[in-house]
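In terms of this note's numbering, the sequence shown opens at residue 116 and continues consecutively.
One or more of the hints may lead you astray.
To be verified - Straight line, CA to CA, 16 angstroms or less: simulated EDC-like cross-link-like pairs of lysine to aspartate or glutamate:
| # | residue 1 | residue 2 |
| --- | --- | --- |
| 1 | Lys142 | Glu340 |
| 2 | Lys142 | Asp265 |
| 3 | Lys321 | Glu340 |
| 4 | Lys146 | Glu341 |
| 5 | Lys259 | Glu242 |
As the list claims (entries may be wrong) - Cβ pair distances, simulated, as ranges:
| # | residue 1 | residue 2 | range |
| --- | --- | --- | --- |
| 6 | Tyr540 | His413 | 24 to 34 angstroms |
| 7 | Pro530 | Glu230 | 20 to 30 angstroms |
| 8 | Ser171 | Glu525 | 30 to 40 angstroms |
| 9 | Phe306 | Asp490 | 45 to 55 angstroms |
| 10 | Lys157 | Ser516 | 30 to 40 angstroms |
| 11 | Tyr454 | Glu217 | 42 to 52 angstroms |
| 12 | Pro530 | Gly128 | 35 to 45 angstroms |
| 13 | Phe306 | Thr147 | 32 to 42 angstroms |
| 14 | Ser119 | Arg153 | 53 to 63 angstroms |
Hints listed in this document are in silico derivations from the structure and should not be mistaken for laboratory results.
Note that beta-carbon positions come from the ideal geometry of N, C-alpha and C, so glycine has one too.
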Amino acid sequence: MLPSSIPIPLPGGLHGSLPRFFCVGQKFSTKTLENIDRQVAKEFQKFHGLNLKDKSIAIGVGSRGIKQQPAVVQALVRELLKVGAKPFIIPAMGSHGGGNAEGQVKVLENYGITEDSMGVPIRATMEVVELCKLQDGTPIYCDKLAYAADFIIACNRIKPHTSFRGPYESGLMEMLAIGLGKHAGATALHFRGFAQFHQLIPAAGKAFIKNTKTLFGVAMVENSEENLQHLEFVANTDFVTRDAALLDMARGSIPQLLFDDIDVLVVDEIGKNISGAGLDPNVTGRAGSREPGFDREHPIGRIVVRNLTEETEGNAAGIGMSDVTTQCAVGKIDWTKTYLNMVTAGALDGGKLPIVADTDKDAIGIAIRGCPGVDSKSAHIVRIKNTLEMTKVWASETLLSEIDNNQHLEVLSDPFDCQFDNGGYLMGSVY
């Protein structure tokens with residue numbers, strides 16, 4: 116068992132004087148979809164010729180923390196009810212939620228998707244039907260309840276994946292292949308390794324569509340502030356072309372760290388609601404899968420993770436991609452959920468435990484010590500809330516020259532000192 120305190124009696128101590136900080140705005144595209152209900156109604160008209168009266172329709176909803184997904188699902192349910200359909204919601208999230216039905220329902224509840232808020236049943240099972248096998252022998256599965264329904268609708272965000280690169284990453288094809296395949300489907304595909312996903316995902320998605328009654332997909336693309344900029348209903352015959360095209364759109368919309376030279380990145384929180392990897396490698400440049408395509412041109416020196424989100428319910432996926440964490444974060448880890456997720460994905464690095472500091476102050480001091488040739492007063496330090504919300508960050512005054520020379524960065528405050536409470540925990544918030 117990890118000790119509750121781990122003294123590190125270094126000569127000179129762990130702490131030096133830190134530079135002052137500024138609150139800095141990072142400017143990204145904020146194109147926003149104005150009216151979700153109207154857009155859902157418009158997109159639903161693409162399928163007005165279908166007779167859905169009395170048809171049972173399974174709506175697959177995933178485990179990602181998509182800010183406006185509840186509104187989208189609610190509007191979709193409303194349109195289906197108008198035409199006399201009998202929709203119900205199923206968790207489409209592979210092994211997440213502890214790999215059991217109750218846990219997956221709880222994940223949806225944490226995102227505001229409940230039977231009361233949606234007005235339709237939520238049905239969950241880990242049982243699956245094997246649909247077929249790919250040429251390499253990989254079995255393709257479908258949630259048993261979804262398979263028994265008259266139609267299936269997949270609802271997902273399109274976004275660059277956190278573990279591999281390919282023409283189809285996190286999106287509709289992936290939800291068919293893995294999310295709706297439940298734990299069995301996730302295990303079967305991950306067994307082949309992320310290096311094969313650029314071929315596996317499209318092959319598995321096509322096989323799923325061929326062997327099920329998939330009606331359409333609800334594709335969502337977010338802007339840098341987590342609001343929807345694009346919402347599209349994709350016919351099953353168009354998954355292949357539209358999923359790839361929307362991924363290109365999404366690549367230009369994800370938030371980034373706009374600083375080149377970062378010695379220490381302080382991350383307030385990680386979690387599955389933030390990113391499938393917990394700590395998004397599209398931001399940090401560190402992928403637990405060890406797959407290429409994520410490296411930053413200027414690598415971050417050291418990364419500190421301060422805490423876990425409440426919504427992640429102890430799943431600390433991604434903590435292993437940091438260099439230092441805190442007793443506070445470690446005390447919240449559900450090891451079973453974390454290890455189940457990491458072992459299923461085959462991305463074991465993400466579940467490793469970094470150096471554990473007693474406090475935030477110690478963690479930052481240790482991280483600076485881990486940067487060769489860098490002292491605390493000259494360190495280039497950036498603090499973010501998480502790898503999803505980055506329109507505001509804290510940046511040390513040592514980064515002022517970068518800020519002044521980048522039109523997408525703007526100083527929003529007077530300089531201030533970094534303050535810690537009596538327990539050594541960082542005070543103040545980024546937002």
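Here is what the structure says about each hint:
| no. | hint | verdict |
| --- | --- | --- |
| 1 | Lys142 x Glu340 | 10 angstroms, holds |
| 2 | Lys142 x Asp265 | 45 angstroms, violated |
| 3 | Lys321 x Glu340 | 32 angstroms, violated |
| 4 | Lys146 x Glu341 | 11 angstroms, holds |
| 5 | Lys259 x Glu242 | 6 angstroms, holds |
| 6 | Tyr540 x His413: 24 to 34 angstroms | 29 angstroms, holds |
| 7 | Pro530 x Glu230: 20 to 30 angstroms | 50 angstroms, violated |
| 8 | Ser171 x Glu525: 30 to 40 angstroms | 52 angstroms, violated |
| 9 | Phe306 x Asp490: 45 to 55 angstroms | 47 angstroms, holds |
| 10 | Lys157 x Ser516: 30 to 40 angstroms | 48 angstroms, violated |
| 11 | Tyr454 x Glu217: 42 to 52 angstroms | 19 angstroms, violated |
| 12 | Pro530 x Gly128: 35 to 45 angstroms | 25 angstroms, violated |
| 13 | Phe306 x Thr147: 32 to 42 angstroms | 40 angstroms, holds |
| 14 | Ser119 x Arg153: 53 to 63 angstroms | 54 angstroms, holds |
Hint violations for this structure: numbers 2, 3, 7, 8, 10, 11 and 12, all remaining hints satisfied.
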